[in-house]
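Participant: Given chain B's structure and the hints, the job is docking chain S onto it.
Just so you know, the protein sequences line up as chains B and S, in that order. Taking the working numbering, I'd label the letters of the first sequence as residues 149 to 510. Taking the working numbering, I'd label the letters of the second sequence as residues 149 to 510.
Accuracy of the hints is not assured; some may be wrong.
Identical chains blur together in the list; that is why a pair holds if it fits in one copy or across any two.
Said to hold, decoys possible - Lysine-lysine pairs mimicking DSSO-like chemistry, simulated, CA-CA at most 27 Å apart:
id : residue 1 : residue 2
1  : 198       : 172
2  : 172       : 190
3  : 190       : 215
4  : 198       : 266
5  : 262       : 198
6  : 215       : 262
Hints were generated in silico from the structure; no laboratory data involved. As the structure is a prediction and not an experimental result, all values here were calculated from the model.
Number of protein chains: 2
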Amino acid sequence: MDRKTSPPRPVTVADVARRAEVSKATAARVLGGYGPVSEEVKLRVQAAAKALDYRPNELARSVSTGKSGTIGIVVGDIENAFFGIAVRSISDTAHRHGFNVILANSGEEVEAEKAALKVLVGKRVDGLIVTPADNRTIAHLRDIVRSRRPLVLFDRPIEGLAADVVATDDRDAAFAATMRLVAAGHRRLAYVTALNAEPPVFTGMEQLYTSSVKARVDGFLAACRAAGIDGPERGICLAGSAPAGQQRASIERLLSGETPPTAILASDSLVAFEIFKAARTLGRGIPDDLSLVSFYDAEWTSVTTPPISVIDQPVYDMGTQAAELLIARINGASPPARHCVLPTRFIERGSIGAPRRMMAAI
Amino acid sequence: MDRKTSPPRPVTVADVARRAEVSKATAARVLGGYGPVSEEVKLRVQAAAKALDYRPNELARSVSTGKSGTIGIVVGDIENAFFGIAVRSISDTAHRHGFNVILANSGEEVEAEKAALKVLVGKRVDGLIVTPADNRTIAHLRDIVRSRRPLVLFDRPIEGLAADVVATDDRDAAFAATMRLVAAGHRRLAYVTALNAEPPVFTGMEQLYTSSVKARVDGFLAACRAAGIDGPERGICLAGSAPAGQQRASIERLLSGETPPTAILASDSLVAFEIFKAARTLGRGIPDDLSLVSFYDAEWTSVTTPPISVIDQPVYDMGTQAAELLIARINGASPPARHCVLPTRFIERGSIGAPRRMMAAI
Numbered sequence: 149m150d151r152k153t154s155p156p157r158p159v160t161v162a163d164v165a166r167r168a169e170v171s172k173a174t175a176a177r178v179l180g181g182y183g184p185v186s187e188e189v190k191l192r193v194q195a196a197a198k199a200l201d202y203r204p205n206e207l208a209r210s211v212s213t214g215k216s217g218t219i220g221i222v223v224g225d226i227e228n229a230f231f232g233i234a235v236r237s238i239s240d241t242a243h244r245h246g247f248n249v250i251l252a253n254s255g256e257e258v259e260a261e262k263a264a265l266k267v268l269v270g271k272r273v274d275g276l277i278v279t280p281a282d283n284r285t286i287a288h289l290r291d292i293v294r295s296r297r298p299l300v301l302f303d304r305p306i307e308g309l310a311a312d313v314v315a316t317d318d319r320d321a322a323f324a325a326t327m328r329l330v331a332a333g334h335r336r337l338a339y340v341t342a343l344n345a346e347p348p349v350f351t352g353m354e355q356l357y358t359s360s361v362k363a364r365v366d367g368f369l370a371a372c373r374a375a376g377i378d379g380p381e382r383g384i385c386l387a388g389s390a391p392a393g394q395q396r397a398s399i400e401r402l403l404s405g406e407t408p409p410t411a412i413l414a415s416d417s418l419v420a421f422e423i424f425k426a427a428r429t430l431g432r433g434i435p436d437d438l439s440l441v442s443f444y445d446a447e448w449t450s451v452t453t454p455p456i457s458v459i460d461q462p463v464y465d466m467g468t469q470a471a472e473l474l475i476a477r478i479n480g481a482s483p484p485a486r487h488c489v490l491p492t493r494f495i496e497r498g499s500i501g502a503p504r505r506m507m508a509a510i
Numbered sequence: 149m150d151r152k153t154s155p156p157r158p159v160t161v162a163d164v165a166r167r168a169e170v171s172k173a174t175a176a177r178v179l180g181g182y183g184p185v186s187e188e189v190k191l192r193v194q195a196a197a198k199a200l201d202y203r204p205n206e207l208a209r210s211v212s213t214g215k216s217g218t219i220g221i222v223v224g225d226i227e228n229a230f231f232g233i234a235v236r237s238i239s240d241t242a243h244r245h246g247f248n249v250i251l252a253n254s255g256e257e258v259e260a261e262k263a264a265l266k267v268l269v270g271k272r273v274d275g276l277i278v279t280p281a282d283n284r285t286i287a288h289l290r291d292i293v294r295s296r297r298p299l300v301l302f303d304r305p306i307e308g309l310a311a312d313v314v315a316t317d318d319r320d321a322a323f324a325a326t327m328r329l330v331a332a333g334h335r336r337l338a339y340v341t342a343l344n345a346e347p348p349v350f351t352g353m354e355q356l357y358t359s360s361v362k363a364r365v366d367g368f369l370a371a372c373r374a375a376g377i378d379g380p381e382r383g384i385c386l387a388g389s390a391p392a393g394q395q396r397a398s399i400e401r402l403l404s405g406e407t408p409p410t411a412i413l414a415s416d417s418l419v420a421f422e423i424f425k426a427a428r429t430l431g432r433g434i435p436d437d438l439s440l441v442s443f444y445d446a447e448w449t450s451v452t453t454p455p456i457s458v459i460d461q462p463v464y465d466m467g468t469q470a471a472e473l474l475i476a477r478i479n480g481a482s483p484p485a486r487h488c489v490l491p492t493r494f495i496e497r498g499s500i501g502a503p504r505r506m507m508a509a510i
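For reference, chain B alone in the conformation it holds in the complex (with noise of 0.2 Å):
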């Protein structure tokens, strides 16, 4: 390390100006490349930059400019690849376009989501796409739409906040899927979602607090409904989000009861995962014992024995549109807000068959 020439502190416009012999000010107009200056004291000013390793400050730069460049992006969970493959397309679109992208996760925690917000306000970032971990505490949205800072909600809708939306058909890919389940004669069916609920027992829609999720089990209940099942409500299960413990517990309760479910449509891969592996452990053969359909086409579902049938959601694609609706806003376009939704596409593997008789009988 060269002790003489860096100080442990970031190196600031005043010190470059004290190197240079010149003012703070006419340090500024050199390093910020407007006003007039001197050649000499120009290449003064410069060559005291590069003698400090000068790194300007993008903030302040973004003063004059007004712009900073950067798009910030709230995830659910960094982990899931749903969201590993939305960021990459995010920032691809974004770069194309001159933008920068930062990212934070909230891991699905509403403060977290909160805090990152914060952060990426701090940051000045230009606009922000946020996956809102829980539509029941959005202040913190709202005052982001106040502020006039664009805003894409990613995947989940939040009613009555008037910002941009890509999302996709989650009622209608349920409804579908779930009709599959029932045309091959399934009666019992479970939806199985990773939201939290104390206890974890299912006592109506205003638990689900992601739009999605709501939008799915939604479809799910209708679809049974239209197929004359009794109490389909009785088959939704909220398993929790930590598949270690609890979610795994839940699930294979789910899978252990008295009359346990002879097809499943899970809400995530990461959810159908623990399915999977649940059944298993319990000896439930897919498709024989247990059929299974998933959202989201996780690169695990395609090399299992049977591959799972899933729900593919444009994930890429969402992340494009999303960008290139917040890139626009941040250039100035100012249409009322818009809700995209993309189409899903079912798959069809090996993981749905005819429900065995005299299941009751178990």
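Facilitator: Only chain S this time, still in chain B's reference frame:
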């Protein structure tokens, strides 16, 4: 939206001062919580700040404390679960210590890595955790070290760079895994990595531009040589980083050659996934026709038939250590650069078998 009180640009201290009818310096004192000011003026400024929805500029605040309370991370590929868990772990540790985390993705492109570092430094992060994409291009990392901003290299050491490192025993792990394949009777072994080369042929260690892969290949070759295998370099496959096209083609070419390998060690779980799928496409059974071992215990590896033997890397612990080293330095510790090597663990599953006799006759 409330047009009256929300200007379209961020509210500044000057706006607050104007509304409170005080000088900018006075407003700054109140908002920054420093310097003497009368109670009446304080209340007036606070009321103005509230009315305008003023949000403190964290960067400006950091000028007084010297800390922004933020850590920057640059990972190679956020779509890779390895990095997803690393980010989760770093975030957990950072939050415990009162730091926020912002993240950027390099996509394993060194130019994107440089741009990301520039953004994060511009946002005045207190320290950085980076997985360098290319150990041949590191001037930007040297600049970070020279500026005294704490830096931890994650998973990939760089020789001669005075930064903390958290990595695993890559060479030993590859050596031991290769020895298991040798012990099962294999003599035609391949090592497949996602690194790029043009043309895509291994010509020497200097092609291996990430240190972790270099260490692993070194371990692989050393084990082959210890087993008396001739010309093991021929088994090194630089399959490229684009799974959809080039990588898949490289792997299919490797498996369809005249003398295909009977055993493969995969450098990461994404490459292993492509190998698994290619073997299936080509009708090569695992482990009967092909033995496979992969670095990283990705979720899919445990649910395939057969499940895949893996080198389990303690990613979560690596993230914790990296964050703790970094935060200690941010908080003033200044020991010489440390190199922490965490042990990996071999998980034996069902993907190693004996090679078929007469493979050469294929």
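Participant: Confirm or reject each hint.
Facilitator: Each hint tested on the structure:
{"no.": "1", "hint": "198 x 172", "result": "within (16 Å within a copy, 32 Å between copies)"}
{"no.": "2", "hint": "172 x 190", "result": "within (13 Å within a copy, 30 Å between copies)"}
{"no.": "3", "hint": "190 x 215", "result": "within (25 Å within a copy, 31 Å between copies)"}
{"no.": "4", "hint": "198 x 266", "result": "between (33 Å within a copy, 16 Å between copies)"}
{"no.": "5", "hint": "262 x 198", "result": "between (39 Å within a copy, 18 Å between copies)"}
{"no.": "6", "hint": "215 x 262", "result": "both (23 Å within a copy, 20 Å between copies)"}
In summary, the structure agrees with every hint in the numbered list given earlier.
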